[in-house]
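Quick mapping for you: the protein sequence lines, in order, are chains A and B.
Start counting the first sequence at 1056; every next residue gets the next number (this note's numbering).
Start counting the second sequence at 1056; every next residue gets the next number (this note's numbering).
Misleading hints may appear alongside valid ones.
[Said to hold, decoys possible] Chain A stretches covered by chain B per the calculated footprint, using a threshold of three residues with CB under 8 Å from any CB of chain B: (1) 1077-1085; (2) 1110-1118; (3) 1156-1167; (4) 1185-1192; (5) 1301-1307; (6) 1340-1349.
Since the hints were made in silico from the structure, they are not lab data.
Since the structure is predicted, the reported quantities are computational estimates derived from the model, not experimental observations.
Quick reminder that beta carbons are idealized off the backbone N, C-alpha and C, glycines included.
2 protein chains.
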Amino acid sequence: MEIHPFNPPIRTLMGPGPSDVHPRVLEALSRPTIGHLDPAFIGMMEEVKVLLQYAFQTDNELTLPVSAPGSAGMETCFVNLIEPGDKVIVCQNGVFGGRMRENVERCGGSAVMVENDWGRAVDPQRVEDALKANPDAQIVAFVHAETSTGAQSDAKSLVGLAHKHDCLTIVDAVTSLGGTPVKVDVWGIDAIYSGTQKCLSCVPGISPVSFNERAQEKIRNRRQKVQSWFMDLNLVMGYWGGGNKRAYHHTAPVNALYALHEALLILREEGLENAWKRHQRNHLALRAGLEAMGLTLIVPEAERLPQLNAVSIPEGIDDAKVRARLLNEYNLEIGAGLGALAGQVWRIGLMGHACRPENILLCVAALEAILADMGAEIKTGEALPAVQKALA
Amino acid sequence: MEIHPFNPPIRTLMGPGPSDVHPRVLEALSRPTIGHLDPAFIGMMEEVKVLLQYAFQTDNELTLPVSAPGSAGMETCFVNLIEPGDKVIVCQNGVFGGRMRENVERCGGSAVMVENDWGRAVDPQRVEDALKANPDAQIVAFVHAETSTGAQSDAKSLVGLAHKHDCLTIVDAVTSLGGTPVKVDVWGIDAIYSGTQKCLSCVPGISPVSFNERAQEKIRNRRQKVQSWFMDLNLVMGYWGGGNKRAYHHTAPVNALYALHEALLILREEGLENAWKRHQRNHLALRAGLEAMGLTLIVPEAERLPQLNAVSIPEGIDDAKVRARLLNEYNLEIGAGLGALAGQVWRIGLMGHACRPENILLCVAALEAILADMGAEIKTGEALPAVQKALA
């Protein structure tokens, strides 16, 4: 088999992630590798921790990047906080709630599912009903920003309910962190995980997590060892939390952490609130363009995530063909529907460095050109002025 | 806290890993990110698989890079192959055998430990005795190249013994792959894991694994689900093995896989046998230099790994001070002892791109200069000619 060095095509990434990586992040990624126990690297790790605390809006000591993708960050939360026999209220309103259930069950816990419509926020009333019906539940788990649908749940209210019923909370913030408010301390979130490849403008492969004192206490008081050696926070803490006396656990992904350091620095330079505003402003512009074409977003306005826009596919239009043409003709990636929404929606991401006016214009223009060419019943000629007006 | 972009010092990495990363690999790492379901990326994944099959010398279909460091590759082997109640013969001759035991126990298995001296190969006779005494054992696990001591075990014989007693084998090849012969198919290894940051000259963070048909059969016939969702090969296979019909599992670390692709390409260009010869030749030169100074390697000659040299620390010499001076004065990293050997040895790596004559000269010269300056009882003036002669 003939194999040559791989030169990737240059894409604009407006799917559900990975999103466009900031050039400064790519540059940082390729700096020379040093040892994972080098004093210079340990100094950088301390900075990553401080920058992550800023991104999560928390003072939690136990805030660190798990050396693997978001799904491993999810699993890190579940394997550490759940012991066999624990009952967990799992809210599902898309694909990732189902994955949470898998995690609970593989830890020997039992999951009480609170089902919500896909494309809607988690209904706090249903969660409260489940809490009342299950006074022995110990944890409430929910997805703050459902990447599969673009719905945002009210994390503050859900955490408040959980605490009222003496439950800890595990929150999926993979798609929300950096794009929409995530306030770990103010909201009282006990355990949270995210990913680097969404609104942080960083390469995929790392999962920032944070645990408050209550969550740590549950981990310290476990009856049995965490089932995963790699994800056991008691061990990971010895490496990340040991100051100058770090115990070797695993070899950190050195260069990926250079990249995360740079990405978080860019976020801090912009300021979290400015980043949130940018995502909201650009979301409104994208929405204006799509609606001017006659396309509709599936999530009700009050529950929409700015950074992930699920758009109904027009009647009679071949989903895969449109995405393939966007990719082949304009190097533009948008996402397919996932799970129950496969074939019904496109997912257009506006995440991190990809969330820029020029990308909105490109996306709306390319979509209009291709849909018109394929004979879709859309309005033409109105989308770009609508985007322009919304951005003004 | 004032935080600036992180510019790492330029080190020469001659510790136990990460080792020096090839400049071509760093350059590949920073190429523009594309989607993990992009057809161009999927094509590259196929090439990575073929290149890994070459590195492992196997035709195993289930050969892929786990999206996390070597310890996660280890755990991937154990969680998939072990079910609660399974008995596993675990050979220990250093730190990593102990970690295998942790893995077995956290999977609900029971570990029968075969203890060997640290710094020695695993003794096949002891393994055979354990197999005879435990006819209900299902798996034999051992470390091919013990990174904590520099000892190499006879993988071919150990696998043969295991098969004679109807056991599957799990082999740790984190430090051996690319540096010393690893012949998965010829030796009949059933499950194997490695790391990218040793003799592959790649950045840390990814763990290549391979499973033969017998191992896959055990996984397919499991009585219960794999306890880890992230590492469940039944799910990972849907992503890596699906050809054009890949099922989304997790977001692959896109850029890290560009790097691995390039690193494996470099290995194929050199040729595995040439890489093995290079490691051996340079090991002999390093050894000549160290011995000319009067230093000794702790592993008996026949059991030595060329790529990881554990050297006794001379009497009265402050271990940490020497390593700190090497780092601060010459930007040279060597490794400390680990576990039972902490404070007793240095570990000098000659791995992948770091395994070059210029690095040997630097290391021997720097060590001689610093040890002489610190008043160690070593012979001076003879090491560099000895290196030169060995390389000639």
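So, going through the hints one by one against the coordinates:
Beta-carbon proximity to chain B at under 8 Å applies to 6 residues in the segment 1077-1085 of chain A; the threshold of 3 is reached and the given coverage holds. Only residues whose C-beta sits within less than 8 Å of a C-beta in chain B count toward coverage, and the segment 1110-1118 of chain A has 0 of them, not enough to reach three; the restraint is violated. Under a criterion of three residues with beta carbons nearer than 8 Å to beta carbons of chain B, the stated coverage of the segment 1156-1167 of chain A is upheld, 5 such residues being counted. Look at the segment 1185-1192 of chain A against chain B: 0 of its residues bring a Cβ nearer than 8 Å to a Cβ of that chain, fewer than three, so the hint is violated.
Requiring three or more residues with a Cβ within less than 8 Å of a Cβ of chain B, the coverage given for the segment 1301-1307 of chain A holds, as 5 such residues are present. Interface restraint, the segment 1340-1349 of chain A with chain B: violated (0 residues with C-beta to C-beta distance below 8 Å; minimum three).
In summary, the structure is inconsistent with hints 2, 4 and 6 from the numbered list given earlier, while agreeing with the others.
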